[in-house]
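Listed in order, the protein sequences are those of chains W and Z.
Residue 1 is where the first sequence starts when you use the numbering used here, and the numbers rise one by one after that.
Residue 1001 is where the second sequence starts when you use the numbering used here, and the numbers rise one by one after that.
These aren't lab readings, by the way, just hints derived from the structure by calculation.
Given the structure is predicted, the values throughout are model-derived calculations rather than measurements.
Hints may contain errors.
[Unchecked claim] Restraint-style ranges between C-beta atoms, simulated for each label pair:
{"#": "1", "chain 1": "Z", "residue 1": "Ser-1073", "chain 2": "W", "residue 2": "Glu-3", "range": "46 to 52 angstroms"}
{"#": "2", "chain 1": "Z", "residue 1": "Val-1062", "chain 2": "W", "residue 2": "Gly-54", "range": "34 to 40 angstroms"}
{"#": "3", "chain 1": "Z", "residue 1": "Ser-1015", "chain 2": "W", "residue 2": "Glu-45", "range": "29 to 35 angstroms"}
{"#": "4", "chain 1": "Z", "residue 1": "Lys-1055", "chain 2": "W", "residue 2": "Leu-11", "range": "51 to 57 angstroms"}
{"#": "5", "chain 1": "W", "residue 1": "Asp-58", "chain 2": "Z", "residue 2": "Lys-1014", "range": "27 to 33 angstroms"}
[Said to hold, decoys possible] Only pairs whose alpha carbons sit at most 27 angstroms apart, straight line, appear in this in silico DSS-like list of lysine-lysine:
{"#": "6", "chain 1": "Z", "residue 1": "Lys-1055", "chain 2": "W", "residue 2": "Lys-2"}
{"#": "7", "chain 1": "Z", "residue 1": "Lys-1041", "chain 2": "Z", "residue 2": "Lys-1020"}
{"#": "8", "chain 1": "W", "residue 1": "Lys-105", "chain 2": "W", "residue 2": "Lys-42"}
{"#": "9", "chain 1": "W", "residue 1": "Lys-2", "chain 2": "Z", "residue 2": "Lys-1014"}
{"#": "10", "chain 1": "Z", "residue 1": "Lys-1020", "chain 2": "W", "residue 2": "Lys-67"}
{"#": "11", "chain 1": "Z", "residue 1": "Lys-1064", "chain 2": "Z", "residue 2": "Lys-1014"}
{"#": "12", "chain 1": "Z", "residue 1": "Lys-1041", "chain 2": "W", "residue 2": "Lys-2"}
{"#": "13", "chain 1": "W", "residue 1": "Lys-42", "chain 2": "Z", "residue 2": "Lys-1014"}
{"#": "14", "chain 1": "W", "residue 1": "Lys-42", "chain 2": "Z", "residue 2": "Lys-1066"}
Where is the CB? At the ideal position from N, CA and C, for every residue including glycine.
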Amino acid sequence: QKEVEQNSGPLSVPEGAIASLNCTYSDRVSQSFFWYRQYSGKSPELIMSIYSNGDKEDGRFTAQLNKASQYVSLLIRDSQPSDSATYLCAVRESGGGADGLTFGKGTHLIIQP
Amino acid sequence: GAVVSQHPSWVICKSGTSVKIECRSLDFQATTMFWYRQFPKQSLMLMATSNEGSKATYEQGVEKDKFLINHASLTLSTLTVTSAHPEDSSFYICSLIPGLAAYNEQFFGPGTRLTVL
């Protein structure tokens, strides 16, 4: 059974600092990796996607993928109080769109003003 | 990103009744839509994959006769929870992928919160 593991937190980070979120996955054939942000009572919002080993940067966010270690991470620079949310790591077996996502339970991030 | 709507946003029903939830793609056609369920403090769990014009594919442990999915058009998929019971109370969220190209991201609707009394 496919598993995606995340530390549930809460992870508390001072405003302006770097928040580091980690995720490991069990299915070695996984091809696509995503980070979603979910505010309480709301549906997930896509933050980043990554498909190749290495780093991918988008604004204050950097996703890192290491397929050999089956590890995905998300760095949030210059953390803001509005970044406080639950961050979900999601994995898809294929590169294409026909498969649903397997989600981790999420890491609750708190940015302290 | 893609614009996805769900209706209703919340619903309260009595045990034994059926509830229909609609998921619409507002700005493009989607041959595949997904239905997820999220219980409090838990992660999203994929329930089924909805394919336009064909039968849905259900994940292991999801009762296809209880959760009826209809994907009659490229912009609309419906999930009907039949004979709902309190344990079906959950946050139901649909998602879809714009286009058919590989490596497309999945975008979620706003969700429907179902409470069964």
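Hint check:
Range check, Z:Ser-1073 to W:Glu-3: about 35 angstroms between beta-carbon atoms, so the 46 to 52 angstroms window is missed. Against the hinted window of 34 to 40 angstroms, the Cβ-Cβ separation of Z:Val-1062 and W:Gly-54 comes to about 36 angstroms, which satisfies the hint. Remark: the range hint 29 to 35 angstroms for Z:Ser-1015 to W:Glu-45 is upheld by a beta-carbon distance near 33 angstroms. Remark: the range hint 51 to 57 angstroms for Z:Lys-1055 to W:Leu-11 is contradicted by a beta-carbon distance near 42 angstroms.
A beta carbon spacing of about 46 angstroms between W:Asp-58 and Z:Lys-1014 contradicts the range 27 to 33 angstroms that was offered as a hint. Distance check on the hinted pair: Z:Lys-1055 and W:Lys-2 sit about 24 angstroms apart at the alpha-carbon level, within 27 angstroms; holds. Of the pairs offered as hints, the one joining Z:Lys-1041 and Z:Lys-1020 holds, with about 24 angstroms between alpha carbons and a cut-off of 27 angstroms not exceeded. Of the pairs offered as hints, the one joining W:Lys-105 and W:Lys-42 holds, with about 15 angstroms between alpha carbons and a cut-off of 27 angstroms not exceeded.
For a cut-off of 27 angstroms, the pair hint linking W:Lys-2 to Z:Lys-1014 is broken: about 35 angstroms separates their Cα positions. Taking the CA atoms of Z:Lys-1020 and W:Lys-67, the gap is about 40 angstroms. The hint is violated against a cut of 27 angstroms. For the given pair, Z:Lys-1064 sits about 21 angstroms from Z:Lys-1014 by alpha-carbon distance, which is consistent with the 27 angstroms threshold. This hinted pair checks out: Z:Lys-1041 and W:Lys-2 have alpha carbons roughly 20 angstroms apart, not beyond 27 angstroms.
Between W:Lys-42 and Z:Lys-1014, the direct Cα distance comes to roughly 24 angstroms. Compliance with the 27 angstroms bound is thereby established for this hinted pair. Using a Cα cut-off of 27 angstroms, the hinted pair W:Lys-42 and Z:Lys-1066 holds, with the two alpha carbons roughly 25 angstroms apart.
Hint violations for this structure: numbers 1, 4, 5, 9 and 10, all remaining hints satisfied.
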